[in-house]
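For this one, chain A is given, so just place chain B on it according to the hints.
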Amino acid sequence: DGGITQSPKYLFRKEGQNVTLSCEQNLNHDAMYWYRQDPGQGLRLIYYSQIVNDFQKGDIAEGYSVSREKKESFPLTVTSAQKNPTAFYLCASSLGTGGNTEAFFGQGTRLTVV
Amino acid sequence: ILNVEQSPQSLHVQEGDSTNFTCSFPSSNFYALHWYRWETAKSPEALFVMTLNGDEKKKGRISATLNTKEGYSYLYIKGSQPEDSATYLCAFMNSGYSTLTFGKGTMLLVSP
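Residue numbers (my numbering), protein chains in the order written: chain A, 1 to 114; chain B, 115 to 226.
This is chain A alone, in the form it adopts within the complex (with noise of 0.2 Å):
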């Protein structure tokens, strides 16, 4: 059935290594975003595609990166930049960007950096 992946479900990494968090969808859906949650937060724009090949910083990019080369993935990079990188991560996707369309979420990628 069609939704949206996210894996791992749970991740550890020591600090100063880069980290890549999955995203998949089967929703042929243009619009993929990455979001951050921290406790007593609302959700936060990392990065975000609204076409393949392309993508546009949100909110919070600095120490993060993306790529968009397959509509159906857009993989998040938690570079040893990333000041404070322990945190809940949500992809969602979209048909467009336009907001008369719901989002659909994946179920979360929890990230412990130690």
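Simulated from the structure, these hints should not be mistaken for lab results.
Since the structure is predicted, the reported quantities are computational estimates derived from the model, not experimental observations.
Worth double-checking, as some hints may not be accurate.
[Said to hold, decoys possible] Straight line, CA to CA, 25 Å or less: simulated DSS-like cross-link-like pairs of lysine-lysine: (1) K192/B - K218/B; (2) K9/A - K218/B; (3) K156/B - K9/A.
Below, chain B alone, put in the same frame as chain A:
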């Protein structure tokens, strides 16, 4: 960065109680308002997408209203059930942006 406020932050009600939450957003350049339900250990799921001032939408016991001129939306749950326990998120888009800005959510706990 746009500011979206949700209140209350959390709510604890008894089964059968009706309840409502508020989402406040900038009233200028409105484009869309979304409501999502996020149950523990699951993905957020869309409840409503609202684009017109005065919109009222309903899904079962849950309904929402929208006032774009004053910048608020209400979410109502009639006769709350334990399975309604979740965090309810609202998200706002204005015409100058192509992405949603989320509030911090209202956490609802319904006791049997």
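For each hint, the structure was consulted:
1. Only pairs whose Cα atoms come within 25 Å are accepted, and K192/B paired with K218/B is accepted, the gap being roughly 23 Å.
2. Taken as a hint, the K9/A and K218/B pair is honoured in the structure, with Cα atoms around 22 Å apart against an allowance of 25 Å.
3. Taking the CA atoms of K156/B and K9/A, the gap is near 12 Å; set against the 25 Å cutoff, the hint holds.
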